[in-house]
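Student: Single-letter residue listing:
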Amino acid sequence: MGKTIAEKIFAAHLRDEPFAGTKVLNLDCVLCHEITTPIAIADLEWRGKDRVFDKNKIKAVIDHVTPSKDTKTAIQAQMIRDWARRHELPDFFDVGRNGVCHALFPEKGFIRPGFTVIMGDSHTCTHGAFGAFAAGVGTTDLEVGILKGVCAFRQPATIRVNLRGNLADGVYSKDVILHVIATLGVGGATDAVLEFAGPVVDAMSMEARMTLCNMAIEAGATCGICMPDVITAEYLWPFIQDEYPNLEAAVEDFRRWHSDADAEYKQIIDFDLSDLEPQVTCDFKPDCVKPVGEMAGIKVDQVYIGTCTNGRIEDLRVAAKILDGRTVADSVRGVLSPATPKIFSQAMEEGLIQIFMQAGFCVTNPTCGACLGMSNGVLAPGEVCASTSNRNFNGRMGKGGMVHLMSPATAAATAITGVITDARTL
Amino acid sequence: MEKIFKGPAIFLDRNDINTDEIIPARYLTEVTKEALRPYMLEDLKLEGFDPTGDEIKNARVVVTRENFGCGSSREHAPWVFEVNGVHTIIAQSYARIFRQNMFNGGMLAIELPEKDIDALFALQEKGSVCIDVDVDTQLIHARAGEDSSEFHFEISEFDKALVKAGGWVEFADARY
Chain A
25 MGKTIAEKIF AAHLRDEPFA GTKVLNLDCV LCHEITTPIA IADLEWRGKD
75 RVFDKNKIKA VIDHVTPSKD TKTAIQAQMI RDWARRHELP DFFDVGRNGV
125 CHALFPEKGF IRPGFTVIMG DSHTCTHGAF GAFAAGVGTT DLEVGILKGV
175 CAFRQPATIR VNLRGNLADG VYSKDVILHV IATLGVGGAT DAVLEFAGPV
225 VDAMSMEARM TLCNMAIEAG ATCGICMPDV ITAEYLWPFI QDEYPNLEAA
275 VEDFRRWHSD ADAEYKQIID FDLSDLEPQV TCDFKPDCVK PVGEMAGIKV
325 DQVYIGTCTN GRIEDLRVAA KILDGRTVAD SVRGVLSPAT PKIFSQAMEE
375 GLIQIFMQAG FCVTNPTCGA CLGMSNGVLA PGEVCASTSN RNFNGRMGKG
425 GMVHLMSPAT AAATAITGVI TDARTL
Chain B
2 MEKIFKGPAI FLDRNDINTD EIIPARYLTE VTKEALRPYM LEDLKLEGFD
52 PTGDEIKNAR VVVTRENFGC GSSREHAPWV FEVNGVHTII AQSYARIFRQ
102 NMFNGGMLAI ELPEKDIDAL FALQEKGSVC IDVDVDTQLI HARAGEDSSE
152 FHFEISEFDK ALVKAGGWVE FADARY
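If you read the protein sequences in the order shown, they are chains A and B. In terms of this note's numbering, the first sequence opens at residue 25 and continues consecutively. In terms of this note's numbering, the second sequence opens at residue 2 and continues consecutively.
Source of the hints: derived by calculation from the structure; they are not laboratory data. Positions of the beta carbon are idealized from the N, C-alpha and C atoms, including for glycine. Be aware that a few hints might be false.
[Said to hold, decoys possible] No more than 20 Å apart at the CA atoms, straight line, and that leaves these computed lysine to any residue pairs for SDA-like:
{"no.": "1", "chain 1": "B", "residue 1": "K4", "chain 2": "B", "residue 2": "E158"}
{"no.": "2", "chain 1": "B", "residue 1": "K34", "chain 2": "A", "residue 2": "T95"}
{"no.": "3", "chain 1": "B", "residue 1": "K46", "chain 2": "A", "residue 2": "G424"}
{"no.": "4", "chain 1": "A", "residue 1": "K47", "chain 2": "B", "residue 2": "A166"}
{"no.": "5", "chain 1": "A", "residue 1": "K47", "chain 2": "B", "residue 2": "Y177"}
{"no.": "6", "chain 1": "B", "residue 1": "K165", "chain 2": "A", "residue 2": "G45"}
{"no.": "7", "chain 1": "A", "residue 1": "K79", "chain 2": "B", "residue 2": "D174"}
{"no.": "8", "chain 1": "B", "residue 1": "K46", "chain 2": "A", "residue 2": "C312"}
{"no.": "9", "chain 1": "A", "residue 1": "K423", "chain 2": "B", "residue 2": "E43"}
{"no.": "10", "chain 1": "A", "residue 1": "K96", "chain 2": "B", "residue 2": "L37"}
{"no.": "11", "chain 1": "A", "residue 1": "K96", "chain 2": "B", "residue 2": "K34"}
[As the list claims (entries may be wrong)] Reference excerpt, derived from the structure (chain A facing chain B, CB under 7 Å, subset only):
{"no.": "12", "residue": "K96"}
{"no.": "13", "residue": "T163"}
{"no.": "14", "residue": "K172"}
[What the hints assert, rightly or not] A few chain B residues that don't get close to chain A, going by computed Cβ distances all over 10 Å:
{"no.": "15", "residue": "K7"}
{"no.": "16", "residue": "R27"}
{"no.": "17", "residue": "T53"}
{"no.": "18", "residue": "R97"}
{"no.": "19", "residue": "L113"}
{"no.": "20", "residue": "S150"}
{"no.": "21", "residue": "E155"}
Work out the full structure, taking the sequences as your base and the hints as a guide.
Tutor: Written as structure tokens, this is what we have:
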């Protein structure tokens, strides 16, 4: 019997099996941010174990609230900053060099095919786009990861998601993943890895694959994962060129992580996406999804473009193309948060920031901010936000607020009209 | 803090209760578990539920439905239960990270089949429900007025070891 990519990664990283079915894995990357890490640091100090297992495998960033908005967030930033300095972490990203973790760390080339990655953040599944096993964990798992470089998992079952057909113009990976979540339900992939495959994935850029894998957790998945291929190798090439004689050699090497043809799956789901419409969430769960046509006309107060789901350069290009020469409706506040300084800078060079600003958008520094109602665009009770983020839970963006999740294209079109709008109709 | 797996139960009759509802992100700026205490279930969307009421204040066990604790990985969700004395959750199913976070902290996230969850919910009609969990025998004893019921539950050897050890840090530190 063949193996899935997740099974291959598990086999290659197995440190211990203390009980049947419990796999303790060696970790290649332990990622940290300032919200979930400080309590781990404080606990390690309290236990007299303020150590790190390998300073080169621990990466840290301040991203959720940055620059700090008040004393409490300043203390959180101070705790992770002081910790990173005293352990001499070479990869710590502070104000000015910081960005949204799941956009920043891939951009730095830290995530490679076959890696095991954890972070105290549920959207760590994003990194599965590189053919890594990447799982969101709590602070205790993070703490043990920092101290010992291991994490325990149940042997994951894999759900194969075959994405076929041709996406219509104006339909993006965000629409695909919303549709997949709606099909699976918010608990449909619990304790499973979602393995995305098929021609639609093969044709996707790394940015689009990250969007896809980012929301695997919204179906309950432990990780989303894509097979590493030539697109993965091209993205990583600046970081791996010394390791391989040429790109083809890297692609060939990556193939060892591909799922075998006779691998066993818990479930195989086929989607023909040729007729897929842009998707928008309704209600307070990410599996409550409708085609944009059925949501059209709903008034919004704010449009938020950014986050670890859709704050990357491709997303900004798509939105800017729609906003070019147009202005945001008077009733709407537009907020753009490019996900990293590199994306911000690239967007400036390409003239995208100018388009957003001329359209009337407020452009913030890279941060998670508004997505989880912590800063930079919190909603008032009763307000509605059209957002490119990943969660529409009750109160997510501010107590009493409502969030509709959608692609950057739909969000940009909605900003112009002030009501949820299919960008293809503008 | 020693964990206690018994006491008055509160019933949250909804699927997919997420960690933003259990502890909203606006409180994630706290850097101690204790500071989370006043905010347990503050944003829970459930008719008739009062996050400031006596029922939740007195509860030591939460009984709920499917996919409890979905969403964010924040361990603040188990912690807000922990500092309020709720060390036992009984649900039909959990989101993976929340479930692991409970056991990692030496607490119980017990899974029961739908018929047993229904039976527990039905017990409320007899009066307020008190629950006592025995981890060794894997039995839940539930009492309401004159009525009582017993339920067997499954728990992995690993999860049981975490509860016995007091959590994952203790377990891992002794072994790796």
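Student: Would you mind marking each hint as holding or not holding in the structure?
Tutor: Evaluated hints:
At most 20 Å may separate the alpha-carbon atoms for a hinted pair to count; B/K4 and B/E158 meet this at roughly 18 Å. Of the pairs offered as hints, the one joining B/K34 and A/T95 holds, with about 18 Å between alpha carbons and a cut-off of 20 Å not exceeded. A threshold of 20 Å between alpha carbons decides the hint, and for B/K46 with A/G424 the separation of about 11 Å falls inside it, so the pair holds. Pair hint A/K47 plus B/A166 holds up; C-alpha atoms about 18 Å apart against a cutoff of 20 Å.
About 13 Å separates the Cα atoms of A/K47 and B/Y177, which keeps this hinted pair within 20 Å; it holds. For the hint pairing B/K165 with A/G45, the CA-to-CA distance comes to about 18 Å; that is within 20 Å, so the pair holds. Taking the CA atoms of A/K79 and B/D174, the gap is about 19 Å. The hint holds against a cut of 20 Å. Proposed proximity of B/K46 and A/C312 is supported: the alpha carbons are some 16 Å apart, at most 20 Å.
For the hint linking A/K423 to B/E43, the alpha-carbon distance of about 10 Å falls within 20 Å, and the restraint holds. Distance check on the hinted pair: A/K96 and B/L37 sit about 13 Å apart at the alpha-carbon level, within 20 Å; holds. The hinted pair formed by A/K96 and B/K34 meets the criterion: a straight-line CA distance of about 14 Å does not exceed 20 Å. Below 7 Å, beta-carbon pairs count as interface contacts, and A/K96 has one with chain B at about 4 Å; its hint therefore holds.
Annotation: A/T163 was flagged as interfacial toward chain B, and the flag holds, the nearest CB pair being 4 Å apart, inside 7 Å. For the restraint placing A/K172 at the interface with chain B, the shortest Cβ-Cβ distance is roughly 5 Å, inside the 7 Å limit, so the hint holds. No Cβ of chain A approaches the Cβ of B/K7 within 10 Å, the least distance being about 23 Å, so the stated non-interface status holds. Its closest Cβ contact with chain A, about 6 Å, brings B/R27 to no more than 10 Å, contrary to its assignment away from the interface.
Taking the minimum C-beta to C-beta distance to chain A, about 15 Å, the non-interface status of B/T53 holds against the 10 Å cut. A cut-off of 10 Å between C-beta atoms contradicts the statement that B/R97 is not in contact with chain A; the least separation is 5 Å. Under the 10 Å C-beta cut-off, the non-interface status given to B/L113 relative to chain A holds; the minimum distance is some 16 Å. With 10 Å as the threshold on Cβ separation, the claim that B/S150 sits away from chain A holds: the shortest Cβ distance comes to roughly 26 Å.
With a closest Cβ-Cβ approach of about 12 Å to chain A, B/E155 is found to remain outside the 10 Å limit, as its non-interface label requires.
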